[in-house]
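Assemble the whole structure, with the sequences as input and the hints as a guide.
Residue numbers (numbering that gives the first Met the number 0), protein chains in the order written: chain A, 0 to 340; chain B, 0 to 340; chain C, 0 to 340; chain D, 0 to 340.
Honestly, the hints are just simulated from the structure, not real lab data. There's no promise every hint is true.
Given that identical chains are not distinguished, each listed pair holds provided it fits within a single copy or across any two copies.
Straight-line C-alpha distance at most 27 Å; calculated BS3-like pairs for lysine-lysine [claimed, not checked]:
no.	residue 1	residue 2
1	K92	K259
2	K254	K104
3	K267	K111
4	K251	K224
5	K251	K305
6	K305	K204
7	K47	K270
8	K259	K124
9	K89	K204
10	K86	K37
11	K110	K305
12	K86	K204
13	K204	K37
14	K34	K186
15	K47	K186
16	K111	K204
17	K204	K259
18	K89	K266
19	K86	K2
20	K257	K204
21	K111	K251
22	K305	K224
23	K124	K305
24	K204	K186
25	K266	K47
26	K224	K37
These figures come from a predicted structure and were not determined experimentally.
4 protein chains.
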Amino acid sequence: MIKAGIIGVTGYAGEVLIDILLNHPEVRIVNLSAKVAKPQQIAEIFPKLQNRIALICTEPDLEEINSQCDLVFLALPHTVSMQIVPKLLKAKKKVIDLSADYRLKNIKIYKKFYGVSHKDKANLKNAVYGLPEIYRNKIKQASFIANPGCYPTAAILALAPLAALNLIDLDSVIIDAKSGVTGAGRKPSEGLLFPEINEDFKAYKVNIHQHSPEINQVLSGLSRKAMEVTFVPHLLPLNQGILETIYVNKAKSAKPAKTKNLAELYKKFYKKEPFVRIKGEGLFPRIKDVVGANFCDIGIKDCGDKIIIISAIDNLIKGASGQAVQNMNIMYGFPETLGLL
Amino acid sequence: MIKAGIIGVTGYAGEVLIDILLNHPEVRIVNLSAKVAKPQQIAEIFPKLQNRIALICTEPDLEEINSQCDLVFLALPHTVSMQIVPKLLKAKKKVIDLSADYRLKNIKIYKKFYGVSHKDKANLKNAVYGLPEIYRNKIKQASFIANPGCYPTAAILALAPLAALNLIDLDSVIIDAKSGVTGAGRKPSEGLLFPEINEDFKAYKVNIHQHSPEINQVLSGLSRKAMEVTFVPHLLPLNQGILETIYVNKAKSAKPAKTKNLAELYKKFYKKEPFVRIKGEGLFPRIKDVVGANFCDIGIKDCGDKIIIISAIDNLIKGASGQAVQNMNIMYGFPETLGLL
Amino acid sequence: MIKAGIIGVTGYAGEVLIDILLNHPEVRIVNLSAKVAKPQQIAEIFPKLQNRIALICTEPDLEEINSQCDLVFLALPHTVSMQIVPKLLKAKKKVIDLSADYRLKNIKIYKKFYGVSHKDKANLKNAVYGLPEIYRNKIKQASFIANPGCYPTAAILALAPLAALNLIDLDSVIIDAKSGVTGAGRKPSEGLLFPEINEDFKAYKVNIHQHSPEINQVLSGLSRKAMEVTFVPHLLPLNQGILETIYVNKAKSAKPAKTKNLAELYKKFYKKEPFVRIKGEGLFPRIKDVVGANFCDIGIKDCGDKIIIISAIDNLIKGASGQAVQNMNIMYGFPETLGLL
Amino acid sequence: MIKAGIIGVTGYAGEVLIDILLNHPEVRIVNLSAKVAKPQQIAEIFPKLQNRIALICTEPDLEEINSQCDLVFLALPHTVSMQIVPKLLKAKKKVIDLSADYRLKNIKIYKKFYGVSHKDKANLKNAVYGLPEIYRNKIKQASFIANPGCYPTAAILALAPLAALNLIDLDSVIIDAKSGVTGAGRKPSEGLLFPEINEDFKAYKVNIHQHSPEINQVLSGLSRKAMEVTFVPHLLPLNQGILETIYVNKAKSAKPAKTKNLAELYKKFYKKEPFVRIKGEGLFPRIKDVVGANFCDIGIKDCGDKIIIISAIDNLIKGASGQAVQNMNIMYGFPETLGLL
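Spelled out as structure tokens, the structure:
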């Protein structure tokens, strides 16, 4: 039985993480902490947890956390995680960080997109990017995971087969992404009030979103070529879920035979993956089918010179807490789907 | 052509008020003000107004407002209005106050529900409660209007015929009210974030809402007896609109003949009212039918000893800015529906 | 391992029932049927089930069902169930019927509210009303359960303590109920199209809803007096969840001491219930906290002569499929919360 | 005063058209018709119109329509319009057809996308495509208008400046379009039920939507080159509004100076247009700003080799009924914004 703690538990990802771990047969949650006005039963903060867990949420006390936990999940805002991770790793704890702090290997790019200098280059080197479908072997050995961003998870899984097989023109990748509002976190802000979002839809951070370099880093690695995607995120008037519609040009070098049956190619690439589901010809994912689940659904349309790929995930599950538990399962040698199906 | 100003224009009621006034043939908006970081084109604050109005929104400058305007609308938070109204009235401006500051005649009750002592008893006496269907004659003479609350508008119009004719047991009135989220104003708050409201529904301020005494005051006046309603407001996951389901016991003293055909009784009571629509037998209002309009729709069901009345308004129109313009029309002797149909 | 079948699986309750049973350690789903154009993988009908279940959904074949199943859930429209139940019971199958066909003991009332004569009086007598918190002992012995309606579940649990202890005036009970749209089922109809529901709210079947007699039957039983509630259902623009705001007058005969601390009284009444959660003083349920779960949350406010009780459930879980599985757990002697927490 | 009729008034476009025409000072609605079970007051069909219009909606009677109306709007399903238009034009009526029947000049393409052969080639030739910003001069002379589709309106206005000036690679145009649900019309269908759309988002008719050829036809005309866009529509969980995110490659032949300041280029192109609003640098449209209005908002981002253009309209107004009235204003020589601002 793993003794797990969650730091930053009062955000949306933290709330979902509790829910998943409570149904996981190999985990006991032993410590919950967050920025709170006063120590309080977690079931008072989240009344939906009443009758399910009796644990007090306090301000993070690292000494206590280190003494109680085997594994610590960080569901903290960006730039906060890197102040805490070194102390946990020094105490030999396993750590899964859901923030962006250890995802980008290039600290200049980190600074450009997150606005601050990186403060923990030592551990940055050892952080494993926790996308199991691509880096499972590294995750098996890892004690410190940088859990992927939500948009990158859907984008990378949608593009990995084509990038790895060098079937596409890497400069042509356009990702038109749409996310539910929990992706923006639980911070009071006029722009996220119900009447500002409901019955509205808009793009934001047009081609300057901080998840672009994360996608570039992984796809460049897979294709062994530098590349930059065009990435436009939009805000959907719904709670949970991401759908990305991706447009690419086939590589001129790609032999037609190679791209003949793309759905088959994807099915083969993801043959052993329990959480990636490839749609049949003419079928496409919808957010409804993945909400509440750790799946990534992918549909593909061959349009001659272009390919359209559509992928969908739950931003809080496969895009955050579910993937974190999937990583945990791999790190500890549990069945990968344990507690997640 | 009336020269009008709006103080507190950046809230939801202010935004809707601009929209209505821009289509009013007898009004020119000449001054817009609110708590703003810096003077700014109103069309930059509300891009939907681009190409429709070119006016800069500044911090309120009362000297300027008094020199430019004939009529001033206050769309301010409660307790702020009463600091400004005296200065406008002193300058002989006509004033329509959309806040609650001048609605309650009893300052003890004001203090109990709004948490502060009233600061302008002098003008409180002269404020006319701007519900045209009940107080039209007073409004005609008035230069200072306390524009009714949204919940009270729907409740009073639903109950006025029965209260005025003493057909109901006044202690039995139960108002189960449901409002869209714009009713809560445009203030950043965790509880009003999109994911906290969407797919949720809940009661709040259960039987302690500050609109109860406003309803009591008017209905007590109409029935010439003290009375207190039971009032439970709820928050609907939608932007605009209020629906109230009201339950009353018939008065034992009421002769059966009097309550025989309630829809007819209501139709007669509101015969000359352009903005009250009484539903036929078996039909009931819905929010959809009143959103964007200044109507109050009312349906009635006779259940023997009990009567169920259901009323619906747009909280920002008949429940705020539309009613304010209706009051303006009456004050200035314009056709009452001008700019509102 | 119980071998279970679901007839009528393509509706909302059926879909949720699959989801719950797939996570139940003592059940194997062996037969899925519904009115379908052609036999089809259930994961094609509900793509969210892909990778989770491989079973073909066919038209119901009772011979096959009887030969394969120990237990059959009926998620059929009203009036259809009673054509099928006799054949299942004759074959000695255990049956949990989610329709209304066997809930009302009085066949005249059944005819009045459902428009057809009852066709299976023999089994009607033996059907046990499956509300575990009230009828657990009967359920333990039962082989045929009439699973309660969604509105009645929330209403009865909210009122049972007061009715059983005779603390309220039974004629005064007013239930103002609000339900999400899945309560209306998955039948194409203009009135249920997205734009007809979204941004709208309305009452329907005002005081003539078919769930009223179900509530009356149980509360009359508990209080040992005939009674009829006033019941007004409304349609919320959200998918899942019911919230009911209930108003009652205290019985004049009730000693003040008895109703002194109502929250305590409720907590005591439901002390051993795993799925009923009583809110503390000043706290009230919200739909968000029960969606996806088998809980019924209840908050109580003492208003002197009146009491306000607010209850919330997920209409598809505690109001349908979750309660059905709770009943199954009791019938088979499993821990009552198995697969439900 | 124009005497206008609307055939097919019970759909969403018809409903909005009544609303607009009721506020138009130069129009009197004299005939309303649609497929209806029996003649009925339009205010019974749409209770929101009560107190605003007293007119009976009947089955279309062309003799009566021709005798009463100067101008007829057709808000009919595709393939129905072309059965009626000839009879109206023969009677010398002016006609604005909101369906797709007369938009595509190539009848083979019409057949491919709408599944039937065109039945009125004679009038097809004379139909003017009613996009005022592009074809104003033709509209002035026209007596028969094919009112544009909703997606094409937003797409063409977004791309017209670049296409007309030959600044882009025409084969590179990708239109990622998102529409509210009223775009699908008011027909009962399981897929459009509230719970199927709410909290969901999905693509449909991926690159095979019938609006693609309409966009191709106009852009090919503007650029004087054949071209085909990549077009993926998606369904948003909201009632009204379209937002399109469009990606194009700059033409290699385009001199850098030409595309230096794209917002300025757009502002110049649309300088005299009352209903096209170009956003400043770094600003982008949102659906909220155009709902209820006849505006098309456009924002542009220069990304080096690529350009991203985002446009937003209300699908029922600028995408249907508002544009129809704008066309009417032009045909009759009224100020173009009359009744629309």
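Okay, the hints, checked on the actual structure:
In this assembly of identical chains, K92 and K259 lie within 27 Å of each other by CA distance neither inside one copy nor across copies; the values are 48 Å within and 52 Å between. For a Cα distance limit of 27 Å, the shortest separation of K254 from K104 qualifies neither inside one copy, at 33 Å, nor across copies, at 38 Å. In this assembly of identical chains, K267 and K111 lie within 27 Å of each other by CA distance neither inside one copy nor across copies; the values are 38 Å within and 35 Å between. For the identical chains of this complex, K251 and K224 are neighbours both inside a copy (16 Å) and across copies (24 Å), given an alpha-carbon limit of 27 Å.
In the homo-oligomer, the alpha carbons of K251 and K305 lie at most 27 Å apart both inside one protomer (11 Å) and across protomers (20 Å), since each shortest distance falls under that limit. For the identical chains of this complex, K305 and K204 are neighbours both inside a copy (26 Å) and across copies (16 Å), given an alpha-carbon limit of 27 Å. With identical chains, the CA atoms of K47 and K270 are at most 27 Å apart between copies only, with a shortest distance of 18 Å across copies and 37 Å within one. With identical chains, the CA atoms of K259 and K124 are never at most 27 Å apart, being 40 Å at best within one copy and 41 Å at best between copies.
Proximity of K89 to K204 under the C-alpha cut-off of 27 Å is found in neither arrangement, the shortest distances being 37 Å within a copy and 49 Å between copies. Taking the closest pair of Cα atoms, K86 and K37 come within 27 Å of each other only inside a single copy of the chain (24 Å); across copies the shortest separation is 44 Å, beyond that limit. When the C-alpha separation of K110 and K305 is checked against a cutoff of 27 Å, the pair qualifies only between copies, where the shortest distance is 25 Å, while the shortest distance within a copy is 34 Å. Taking the closest pair of Cα atoms, K86 and K204 never come within 27 Å of each other, the shortest separation being 34 Å inside a single copy and 45 Å across copies.
Proximity of K204 to K37 under the C-alpha cut-off of 27 Å is restricted to the inter-copy arrangement: shortest distance 24 Å between copies versus 36 Å within a copy. For a Cα distance limit of 27 Å, the shortest separation of K34 from K186 qualifies both inside one copy, at 12 Å, and across copies, at 22 Å. For a Cα distance limit of 27 Å, the shortest separation of K47 from K186 qualifies both inside one copy, at 20 Å, and across copies, at 26 Å. Taking identical chains as interchangeable, the C-alpha atoms of K111 and K204 lie at most 27 Å apart only when both belong to the same chain, with a minimum of 14 Å there against 39 Å between chains.
Taking identical chains as interchangeable, the C-alpha atoms of K204 and K259 lie at most 27 Å apart only when they sit on different chains, with a minimum of 21 Å there against 36 Å within one chain. With identical chains, the CA atoms of K89 and K266 are never at most 27 Å apart, being 41 Å at best within one copy and 47 Å at best between copies. In this assembly of identical chains, the alpha carbons of K86 and K2 lie at most 27 Å apart only when taken from the same copy (18 Å versus 51 Å across copies). Taking the closest pair of Cα atoms, K257 and K204 come within 27 Å of each other only across two copies (25 Å); inside a single copy the shortest separation is 36 Å, beyond that limit.
For the homomeric pair K111 and K251, neither the shortest alpha-carbon distance inside one copy (33 Å) nor that between copies (30 Å) is at most 27 Å. Within a single copy, K305 and K224 get their C-alpha atoms as close as 20 Å, and across copies as close as 20 Å, so both meet the 27 Å cut-off. In this assembly of identical chains, K124 and K305 lie within 27 Å of each other by CA distance neither inside one copy nor across copies; the values are 37 Å within and 34 Å between. Taking the shortest Cα distances, K204 and K186 sit within 27 Å of each other both inside one copy (18 Å) and across copies (24 Å).
Only between protomers do K266 and K47 lie at most 27 Å apart by alpha-carbon distance; the minimum there is 17 Å, versus 38 Å within a single protomer. In this homomeric assembly, K224 and K37 never come within 27 Å of each other (Cα to Cα): the closest approach is 51 Å inside a single copy and 48 Å across copies.
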